[in-house]
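Residue numbers (full-length UniProt numbering), protein chains in the order written: chain A, 1 to 444; chain B, 1 to 444; chain C, 1 to 444; chain D, 1 to 444.
Honestly, I wouldn't trust all of these hints.
It does not matter which identical chain is meant; a pair holds if it fits inside one copy or across any two.
Claimed, not checked - Using 25 angstroms as the maximum straight-line C-alpha spacing, the simulated SDA-like pairs for lysine to any residue come out as follows:
#1 K337 / Q382
#2 K25 / T136
#3 K148 / D179
#4 K376 / L279
#5 K345 / P88
#6 K12 / T386
#7 K307 / N353
#8 K148 / S221
#9 K12 / I388
#10 K148 / I122
#11 K168 / S116
#12 K355 / T136
#13 K168 / P244
#14 K156 / R324
#15 K376 / T125
#16 K25 / L92
No lab work stands behind these hints, which were simulated from the structure alone.
The structure displayed is predicted, hence computed values, not measured ones.
Protein chains: 4
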Amino acid sequence: MDYAHQQLEREKVFRDPVHNYVHVKYQVILDLINTSEFQRLRRIHQLGTTSLIFHGAEHTRFAHSLGVYEIARRIIESFEENFPSKIPGDGLWDDSEKLLTLCAALLHDIGHGAYSHTFEHIFGTDHEQITRDIITSDTTEINHVLEKVGPDFPEKVASVINKTYPNKQVVEMISSQLDADRMDYLLRDAYNTGVKYGTFDLSRILEVMRPYQDGICFEMSGMHAVEDYIVSRFQMYQQVYFHPVSRSMEVILNRLLQRANEIFSAEVTHDPQTPYLLLPFFHHDFNLDDYLQLDDGVLNTYFIHWKRYPDDLLSNLASRFIDRKPLKSAKFDDSTKDLLPRLRKIIEQSGFNPKYYTATDNSFDLPYDAYRPGKKQIQLMQNDGTLIELSSISPLVRAISDRQSGDNRFFFPREILRPEENVDLFQPEYDEFNNHIRNDQLIN
Amino acid sequence: MDYAHQQLEREKVFRDPVHNYVHVKYQVILDLINTSEFQRLRRIHQLGTTSLIFHGAEHTRFAHSLGVYEIARRIIESFEENFPSKIPGDGLWDDSEKLLTLCAALLHDIGHGAYSHTFEHIFGTDHEQITRDIITSDTTEINHVLEKVGPDFPEKVASVINKTYPNKQVVEMISSQLDADRMDYLLRDAYNTGVKYGTFDLSRILEVMRPYQDGICFEMSGMHAVEDYIVSRFQMYQQVYFHPVSRSMEVILNRLLQRANEIFSAEVTHDPQTPYLLLPFFHHDFNLDDYLQLDDGVLNTYFIHWKRYPDDLLSNLASRFIDRKPLKSAKFDDSTKDLLPRLRKIIEQSGFNPKYYTATDNSFDLPYDAYRPGKKQIQLMQNDGTLIELSSISPLVRAISDRQSGDNRFFFPREILRPEENVDLFQPEYDEFNNHIRNDQLIN
Amino acid sequence: MDYAHQQLEREKVFRDPVHNYVHVKYQVILDLINTSEFQRLRRIHQLGTTSLIFHGAEHTRFAHSLGVYEIARRIIESFEENFPSKIPGDGLWDDSEKLLTLCAALLHDIGHGAYSHTFEHIFGTDHEQITRDIITSDTTEINHVLEKVGPDFPEKVASVINKTYPNKQVVEMISSQLDADRMDYLLRDAYNTGVKYGTFDLSRILEVMRPYQDGICFEMSGMHAVEDYIVSRFQMYQQVYFHPVSRSMEVILNRLLQRANEIFSAEVTHDPQTPYLLLPFFHHDFNLDDYLQLDDGVLNTYFIHWKRYPDDLLSNLASRFIDRKPLKSAKFDDSTKDLLPRLRKIIEQSGFNPKYYTATDNSFDLPYDAYRPGKKQIQLMQNDGTLIELSSISPLVRAISDRQSGDNRFFFPREILRPEENVDLFQPEYDEFNNHIRNDQLIN
Amino acid sequence: MDYAHQQLEREKVFRDPVHNYVHVKYQVILDLINTSEFQRLRRIHQLGTTSLIFHGAEHTRFAHSLGVYEIARRIIESFEENFPSKIPGDGLWDDSEKLLTLCAALLHDIGHGAYSHTFEHIFGTDHEQITRDIITSDTTEINHVLEKVGPDFPEKVASVINKTYPNKQVVEMISSQLDADRMDYLLRDAYNTGVKYGTFDLSRILEVMRPYQDGICFEMSGMHAVEDYIVSRFQMYQQVYFHPVSRSMEVILNRLLQRANEIFSAEVTHDPQTPYLLLPFFHHDFNLDDYLQLDDGVLNTYFIHWKRYPDDLLSNLASRFIDRKPLKSAKFDDSTKDLLPRLRKIIEQSGFNPKYYTATDNSFDLPYDAYRPGKKQIQLMQNDGTLIELSSISPLVRAISDRQSGDNRFFFPREILRPEENVDLFQPEYDEFNNHIRNDQLIN
């Protein structure tokens, strides 16, 4: 039998806390999982600095990738049984897309790196481009496996992830408002943080999902399950993804890598604290293989090295990150933003360089994907076969779509609020600072 | 108010997936959590190599330590309300032991290090001794916090963990057949591996737990809950802790560190692959601070460095560990153990040094603590106040106590079973090897 | 010790699927549970006709009453520990209210009867008045138990349930926007129907609940848990309490009792189908003891008797109810309500008396208690001690409060839609009827 | 399309708390559910008197029957996909058995009646025979539906339930050591009682279940899931099915029906308390239709009538049952059984007729089906395709199979232990009685 259709003699199952079991039958899938590039995802946390706030959130992109694969597998199983295409173009499920879809589901995050968001910001990497490179470059094990299926198979997998693949059913299964990716990460993040509000009824959603001419829609009888998914997603953003302390640790990480970049891009050193595996990035001369050596533990290891580095800013920021000393923050809005220069001034007088120790940030910056009008919406199929858009019949969803969420925050060292020791000569400034903060907000 | 009794203005809660919330009211406890030694536990996995088999099992000793603290806190809350001591020596709960118990619960694993079991074996460290050192040595932040409670407080905390503290109620709450430590790790490991059989009814056990003159016992009405805990523990050992693939990854780790020790204890090098933070251990000259720099990510980072090291054994073993290429294994017993020399010979002929690529191991070596006669047993209190030992009235528990479990396994490279490419000149040996294995066992 | 403070020698626990265990320590509470009036609640379903749609929803008012008691007990336990009143009028919890609160929680539904809503409508009973009577009339076992606590104790218990008791903390624990009653029924109804969306984090809400001068409020840190409760409540109304088929079975029940009333209030008969225990109600001459003989099984038994009664309407309606043959329904609004006379006419032509076989009903009639402006709102306590109303900071809650939900429905026999056998002379009318219904709505 | 293959236009789903949803696609299945005989199962509790001890256990045989159907449906779905028969006699799944299996699963308990065990004992009915009659007698709606599939179809359905059908795969799916029936009732009883120990991993068991030549077996990789099922079953028997208070309520029910039989089989009366629907049974002249009028509510209604009946024994036993006044009990064994005559004598002296107010009972009488040698065992399929019996490799299962469980109990009125009022002339007898009971056992 050709490689694309080769089945394992005995199905392989991976125990998964969210989906109970992940089932693998294709040799191709097992071979992809066993590549070093995919195994590396075991060492990249799904939620980056969030685990410093929700201590259970240590789950990895490896687990998430298996989870997305498993959800896609279950969707396809249902489509095969209930909506098999009879003639091309009938808008039903074409089973020759199966392996392609499974591979794309498994590999959709393969280019993610250590602390992706911040790392990209400092070093100019792009995880979406790297995903594409890993899949299509002939230097990777992933590519070798995919090539064995067919010479154009790597490109096809990449095009599904890029959303340029023509069959929208395949694309929307992996990325849309209600796709295998989002369903897995919401359930998995909820499970591991312990934020129970993030759960929804996956098995019901799988039952009411169906293909149609232009992609994927949901049967009307599943409206409440879909609605609950939207509410859960909203709650996860409010409580987990926008958590102010997590954003504060991101600020520290950003400043730490920025300072390291200033130091190590200039120096050529053989000091033991030298970040051996990061040097190509400091020198702006890295290749795919360099990128694939990195993981969260590698970065943390260099941060531990740097706690002893003879640059006060670097060692202090490294300690704050490793030993978890978050900045404090307060919300501000248009009526209070004029206070910021004065507050930065006080911070500087107290001995903290505002460039490294303050920040403003709003949660709208984050990849927030609340259910919104502009984008392609979730479609429900009525009894008579016509489609209706979700928010037009769900008051709950309409409520969420209508409104802005998120907030602006000003971050600063907590030492300003509670001077460690005795009253000192900066006490008047400390008092002034304190008087501008109440109930987690700046006030005039 | 003195430091020992200082309460936080506002209770601090940590979201926990197993216990929902961990509640902290004492300033002492919050200060201990915020030390760098305790924060380091975020970077030590609870289950070591097990996460390579159960991909959800990425939870850390940080989470577990908070969990043990929380269970102890709940037990004490119940004891305070239902069994407060009226006069010294009445066998009831003396609330002046509260803070001591909570600190011991929180810190009981503070000396654990990266891949503890194997690391200790190679480098001769002792995590129990290190726990004691971290608590009582005046170089640590932990010790500074405890000292503020009282000059003899660190020693008292250490003595509870060492089981030498006179009040057996305090000691048994932290370590006995049914203690806060075991209850947390079973629930947490079950939650994160997804092995649902490992769960039991914690809230019911907390309700029926009670102090008595010589320690802690359980009310008869809770017999079924206690019984279920014993069964769950048994199942977790069978399915998770003794998992043969996990043991195989331990074997590789052992051989990898052993080979690294052979290389780096001899060399003095400034090569970039030098394991900077491990050198004190290779040179048998380390102090507590050296130990506290290490974590799982640091070790993994050096393993990644070593994948490129110019020693074939080191680089190959590092790749096998980092890229997860487990050894295979088969059970053997007295009737088949005489096969081992011949099998090792075949392996050697195929090009694998048996010293590094084979092992025998039995699961009895592991810290297996099945419910057994010899040790202090679980006591149930009958209606008339007399005690009766659990296994004397539970057929299920008696069944488990009676029997030996575990198995002997022989580990070897999987290449022997499936020669990667075409038939080669070793084929007869491969065939011979294969013929000795059936249904996961050696056969004659 | 006096009866009010008498504790059981050994705490009694009731296994409960929602709260795990219900704990009883007071002799008074156990004695109340053991009265025949309270045991009768075992034979009254919590959700009436809803179990005909959600087959798991067979849970009883007995279980719910124990659940409300248990939640109140846990709230009080938390208040006692964290917010004990020091001086009268300090706005904290006065523990002398404990037994009163527990009794009121346990007995708040004691007057509910078989199929309450419909029964009251036909026979003019009032379950709130009956609750008061059971508690204060000296003919009941309940009253005898309460009298033993003190001569004015029955009146005090009744006043808490009536909301006239002066201490608003006690009253709001049993009835307010977020009280023990609503929390138990939402969780219990969700558990038994299997509608998972109805769950919320009870343990967290209990932790953030606190007394204040004018009742009960919630700490700001629990905002998300409270918000989730409101969303869950909304979802339960949408999916369970307003379920159209359940409302249709209520319509049949109403018509059945109405017809029985027409027949049996006139006749004096000794026929075996005579509803012995219902006669006092048909004759408008019943006392409390008569009421307490009734339960769901008694009514159903008479309905079974009536399946053979020689009145076509009565026997047909009884069969429809007992054998579950619901009416169909369709939504209508102002634009389509003018169709109703014509549709009723068609139904009459087909041989169904519209008085017994059609109905209009809107879900706003039901005791719907969505979170709404007009009533006393949920208050959150901010860091500085000031209160803020929930919907002013929660977009989700504001969304729900703003809008109208519910629908108008027209109910009719399903025979109109699918004439059982062959085409008959009414076919043109059937077709006309069908053409007015699409996607569960009337259309012009 | 013929009736046997007729699919619903739109799949019908029933919300189920245990299985989330029950899916119905065949018109035949929906028609069976809508018969009056099947709807009657809504009014028969699954666990009889057990709900008087576990107040959540109000679930019905209707829910259980749907659950058994749903599990069978899922097993068949898996067999169809993974083990479809290619040629007759290949030991794989023959899909032409599908509808038959589903019907048998749905109807396996259709003959159960109100308080089956006790009712049968008094009135000589046999629910297995009645099941057969309902299916094959042409007076029932069930039979009419089945007849439409084919003239021999009712007999085939009955033969599957009788275990005489030749295809053992079909038979063992419905009744064997690990079948759809047992799996549903264990999960459902655990869910509704709240006894969490009764749960096991259904989805995993479904995955490892497979057909073979002589019936159904399980893949070796699922051994732990099967083992856990056996342990859970054991725990449910210990904690729920053998609960002594539940057995005591069965004793009262037995005595109550026995007394009623003595009264009503003799009398011909038109008294309003006459048990109209029970008369055919008292007169030993009943037909199937008479049987199908009965349900738990009907019996309870007559018991409520009888609370006022002018026979002291009948009215007292009815009150004890309806108002839940259980007998007390104590364990006895060979060493203490000689005490029983003396204890009965004391009871008689205290004014209770021992014939109606005492009983001995052992839990071995109950339909206890612990995993035992004699019967057909659970078979596991090893890697090489050979079968091995479960207990030969599972120490846990062996432990349970080896031993006897259950106990002998003596039941008596609780008034003997706590004479209600003041000391009376029987005090010496009461004291003697009390001295023979300690820790729930008779002692000499």
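Going down the list of hints, with the structure as the test:
no.: 1; hint: K337 / Q382; verdict: between (49 angstroms within a copy, 22 angstroms between copies)
no.: 2; hint: K25 / T136; verdict: within (24 angstroms within a copy, 45 angstroms between copies)
no.: 3; hint: K148 / D179; verdict: neither (28 angstroms within a copy, 44 angstroms between copies)
no.: 4; hint: K376 / L279; verdict: neither (42 angstroms within a copy, 57 angstroms between copies)
no.: 5; hint: K345 / P88; verdict: neither (68 angstroms within a copy, 49 angstroms between copies)
no.: 6; hint: K12 / T386; verdict: between (41 angstroms within a copy, 20 angstroms between copies)
no.: 7; hint: K307 / N353; verdict: within (18 angstroms within a copy, 40 angstroms between copies)
no.: 8; hint: K148 / S221; verdict: neither (42 angstroms within a copy, 30 angstroms between copies)
no.: 9; hint: K12 / I388; verdict: between (40 angstroms within a copy, 22 angstroms between copies)
no.: 10; hint: K148 / I122; verdict: neither (37 angstroms within a copy, 42 angstroms between copies)
no.: 11; hint: K168 / S116; verdict: neither (28 angstroms within a copy, 50 angstroms between copies)
no.: 12; hint: K355 / T136; verdict: neither (40 angstroms within a copy, 40 angstroms between copies)
no.: 13; hint: K168 / P244; verdict: neither (37 angstroms within a copy, 36 angstroms between copies)
no.: 14; hint: K156 / R324; verdict: neither (43 angstroms within a copy, 28 angstroms between copies)
no.: 15; hint: K376 / T125; verdict: neither (29 angstroms within a copy, 54 angstroms between copies)
no.: 16; hint: K25 / L92; verdict: both (24 angstroms within a copy, 20 angstroms between copies)
Consistency with the previously given hints fails for numbers 3, 4, 5, 8, 10, 11, 12, 13, 14, 15, ordered from lowest to highest.
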